[in-house]
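Since the structure of chain A is already known, use the hints to place chains B and C on it.
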Amino acid sequence: MLRALVQSTDKVAVVPQLRQFHASAACCKVQSGRYKITPKRDRPLTYEMANPPHFIAHRKSWNSWDTTTLLDGQRAAETAVEDVFIRRFVTGTWHDQFCSEIIIKRQHNLIRIAGIIKQGLAVRKMYFLIGYTEELLSNWLQCPVKLELQTVENKESTIFKYI
Amino acid sequence: MSYYLRVINSPFSNILGENGMLRSVISKKILLFGNNLNCTRPSSTSNSEGLKKSSGSNDMLYQSVEVEMRSGEPAVLLSYEWFASYAANQLGITIGKCWAPPKAHHNRLTLLKSVHIYKKHRVQYEVRTYFRHMTYERLTESTLKTFLEYIQRNVPEGVALKITKKSVVNLPSQLADEFQSVNFK
Amino acid sequence: MSAIVNLRVFRNFQQFVSIRPISNYPTSFSKNAEIQKVEEEEEFRSLDLSPNKSLNVRSFGRKLYKRAVVPPPRSHKMPVDQDWPSVWPVPRTFHPASVPLPLNQGWVNPGATPPGKFANAELMKIPNFLHLTPPAIERQCKALKKFCTEWPKELNTTEKIDHHFPIKIITSDYLHSSPSLRDARARIVTLQLKLSTLKLDSHAKDKLLRLVKERYNPETDMLTIVSERCPLRKQNLDYAMYLLNVLVSESRVRPNNFAKQQLHIVCVLCANRAEFIPKTEPWENEKCEADMEKYVWEGSQSQRTLEQLLKRMPDREKAQDLPEVIEQYSRNVTHFHNEGEDAEKVNAYKESVKKLLGLNA
Chain A
1 MLRALVQSTD KVAVVPQLRQ FHASAACCKV QSGRYKITPK RDRPLTYEMA
51 NPPHFIAHRK SWNSWDTTTL LDGQRAAETA VEDVFIRRFV TGTWHDQFCS
101 EIIIKRQHNL IRIAGIIKQG LAVRKMYFLI GYTEELLSNW LQCPVKLELQ
151 TVENKESTIF KYI
Chain B
1 MSYYLRVINS PFSNILGENG MLRSVISKKI LLFGNNLNCT RPSSTSNSEG
51 LKKSSGSNDM LYQSVEVEMR SGEPAVLLSY EWFASYAANQ LGITIGKCWA
101 PPKAHHNRLT LLKSVHIYKK HRVQYEVRTY FRHMTYERLT ESTLKTFLEY
151 IQRNVPEGVA LKITKKSVVN LPSQLADEFQ SVNFK
Chain C
1 MSAIVNLRVF RNFQQFVSIR PISNYPTSFS KNAEIQKVEE EEEFRSLDLS
51 PNKSLNVRSF GRKLYKRAVV PPPRSHKMPV DQDWPSVWPV PRTFHPASVP
101 LPLNQGWVNP GATPPGKFAN AELMKIPNFL HLTPPAIERQ CKALKKFCTE
151 WPKELNTTEK IDHHFPIKII TSDYLHSSPS LRDARARIVT LQLKLSTLKL
201 DSHAKDKLLR LVKERYNPET DMLTIVSERC PLRKQNLDYA MYLLNVLVSE
251 SRVRPNNFAK QQLHIVCVLC ANRAEFIPKT EPWENEKCEA DMEKYVWEGS
301 QSQRTLEQLL KRMPDREKAQ DLPEVIEQYS RNVTHFHNEG EDAEKVNAYK
351 ESVKKLLGLN A
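Chains as they are written, first to last, in our numbering: chain A, 1 to 163; chain B, 1 to 185; chain C, 1 to 361.
If we strip away everything but chain A, and leave its shape as in the complex, we get (with noise of 0.2 Å):
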C-alpha cells in the first residue's frame, strides 16, 4: 500500500540523488487553510473552507473520527498513513465528483467514507465506483470498507458563502 504513496526507486538510481540546503527565509505566515479574499468577491467556499483550522472542535469537526489520537490510542501513524491514502485514491477514482471533503469514521474495524458528490454520474456508473471503491479499499486495508454517500445536485449547492 505504501508503494503507492513512495514514488518507485528504479528510475532515479540513475540520476545522482540532489539534496539541496533551503537557503531562502522561511515563510512565517500561517496560511494553510485559509482563504483569500479576491477583489471581485467571488470566489466560492464551503463551510468547511470558511472556518480556518483553529475553528476545528468550535465551529467545524473532525473530517476523520477514530480513536488514535485519544490517550493510549494505538496505530496512530498508520492509521494517518492509511487515511491520506483513502482521501487520494477516492479523490481519484471519484474524479471531480466530490463536493466536500472525505470523511473517514472508523468503528471497531469497519471503515466508513462519507461524502457529498454530484448527481450527474450515470447510476450504473455510480455503483459500479462504489463497488469498486469498497472492494478495493477494503483488500488493501484488510477492513470492511463502506462507502455512505449524500448527492447534490450541483456543485453550488454546497457553497456556504463567496469572498
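Some clues are possibly wrong.
Said to hold, decoys possible - In silico EDC-like cross-links for lysine to aspartate or glutamate, where the CA-CA straight-line distance does not exceed 20 Å:
| hint | chain 1 | residue 1 | chain 2 | residue 2 |
| --- | --- | --- | --- | --- |
| 1 | B | LYS166 | C | GLU228 |
| 2 | C | LYS146 | B | GLU149 |
| 3 | B | LYS166 | C | GLU159 |
| 4 | C | LYS153 | B | GLU141 |
| 5 | B | LYS166 | C | ASP83 |
| 6 | A | LYS118 | A | GLU134 |
| 7 | C | LYS294 | C | GLU351 |
| 8 | C | LYS160 | B | GLU141 |
| 9 | C | LYS142 | B | GLU149 |
| 10 | C | LYS146 | B | GLU141 |
| 11 | B | LYS166 | C | GLU351 |
| 12 | C | LYS142 | B | GLU141 |
| 13 | C | LYS153 | B | GLU137 |
| 14 | C | LYS146 | B | ASP59 |
| 15 | B | LYS166 | C | ASP238 |
| 16 | B | LYS103 | A | ASP72 |
What the hints assert, rightly or not - Now the stretches of chain C that chain B is said to cover, found in silico as 3 or more residues with beta-carbon under 8 Å:
| hint | region |
| --- | --- |
| 17 | 144-150 |
| 18 | 159-169 |
| 19 | 241-252 |
Just so you know, the hints here were simulated from the structure itself, not pulled from any lab data. C-beta atoms are modelled at their ideal positions from N, C-alpha and C, and glycine is treated no differently.
Chains B and C in isolation, oriented as in the chain A frame:
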C-alpha cells in the same frame, strides 16, 4: 442485517479487545444478531454449540464492572452514556456510580512557528481526551457478556472503551481445606 | 397553493439576502418548498418508451446527455406514525433525505439561519444516535433479555459475597477502532484476597507477609498479586493462582525441627499430593528476639528470668494466686513494650512487680 453480516464474516470479527480468552463471544454474537445467518466459519459454529451446552452450568459472577469511555467529543460521550444507562435499565442491571472527571486530559505540543528560529513565536497544538466512567454492579457472566456485546456493538466512532471487570472466585480447594485437619502444635 | 408557497419562499429569500448578501447557501425551508412543488406537479414519474422524433433525426451527431431523474427525498413521503427503528436500523452517516427532521447545523453570524440539512457536511461528520432511539433500545433489549441470567438472591450483601467468594480477579478489556483487536494491556490480571479468609496462624502469616512484602496492605488486610509476565490473559490468571497457592503452602510449612517431627504425618496425609514436599528455610530458625515485629512474652528473656527466679524462690513464700500474678505481669510487660511507655503503664508495671515479689510496702 447486511451491516452485521459484513462485520461478522470479516476475519476480524471479534470486537472485544482482549487476548483469546472469550472466544465464545463470537458465537454469542452470531446467536444474537444472525439467527438466519449462514456462517461459513467452522470455528464459530462449533463454538456456538459449545456455548449452548455450557451455558448455565458455570456462570462466573462479577461483583462490579467499570466502563471507562474516552473520546475527543464530550457531547458524543454524553449521548453514549445515556444509551448505556438506558440499556442497562431495560436489561435490569444495577447501575452504580457514574461520573466524569472535571477536566479533560490535554496533550499539548508547543512548537516553533517558524522552521528552526524565532524562539519567541510558537504555535501550540492540543489533543483533548474527555473521560466518562460508569459502574455496574452484580452481574452474572451471561448478563455481562450480553450487555457488553450490546453496548460495544453500538459504540460510536471516535470513542474508545476500557472495561474493567471484577470477578469473584472461590478459594481453590487445596487452599480451602489444606492443613485444616492437621495441627502442628 | 403553489403560488403562495413560491411567494413565501421569495420573501424569505429576500430577508435572507438582506442579512447575508453574499450567500446563496440553501436553507432547509427553501429546499423543502421546492421539493414540495415538484411533488405536487407530477404525482407519477412517467416512463418514456417511444423516443423523441426530433432527437432521432439528429442521432448521428453527438448524443444528448440525459440526466437521470432524481426522485424527491423520501422523508416527504414518510407517514407520521412510521416505525422509525426499521427505517434506521444500524449506525449510518446522516442522510438528509431519510431523516424527516428540520435540522440546521453550522456557525453563522448571529441573526442568520444556520445551513440546513441538505448538502451539509457537518451533519455527516458528527456521530449520530438515530438508530438508538428509546423504542429501538427497548425492542433490542427485549430480544436480548433471554440471554441474561439473574444474580443469585442469596448473595445480596457485600459481606456474603466476600465470605463465599474471597478471591477477586480484576481484568480489563480494551475497545478501540483499529483493524486489530489485540491490546497488550488486556493480558494483565490482578488477584486480590483478604488475608483473614485464609485462616493462617501467626507463624504462617508472618512468613507470608515476609514473602509478599509490599503487596500486602495492612489497612485493608488485602493481598494483591499483579501478573503480567505472560503474553496471554489465561496464562497470567493461571500464574497468579499458582503464586497464591505456592505462597500459602510455603508459609504454612513449619520450621525445621517441627517439620522433621511432623514429616511422616504430613506424608501420610498428603500421599496423594505428589507436588507437596514440606520445605524448610534455614533463615526461619535464625529469628531471634531482636527480629520480632512485636514483643511476645512467650519465650522471651523476661519469662526465662522469671522462671529462674521462681525456681530459687522457697515454696512456702509462693502465694496462692501466683499464676494470675504471673499472667498479669506478662500482660503488663507486653503492653509496656508494644504500646510505648507512659505514666499509667509504668505504674501498672510497678504494681505487678510488687505483687510478684511479695513487696507489700
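What hints, given by number in increasing order, does this structure fail?
Structure breaks hints 5, 7 and 11.
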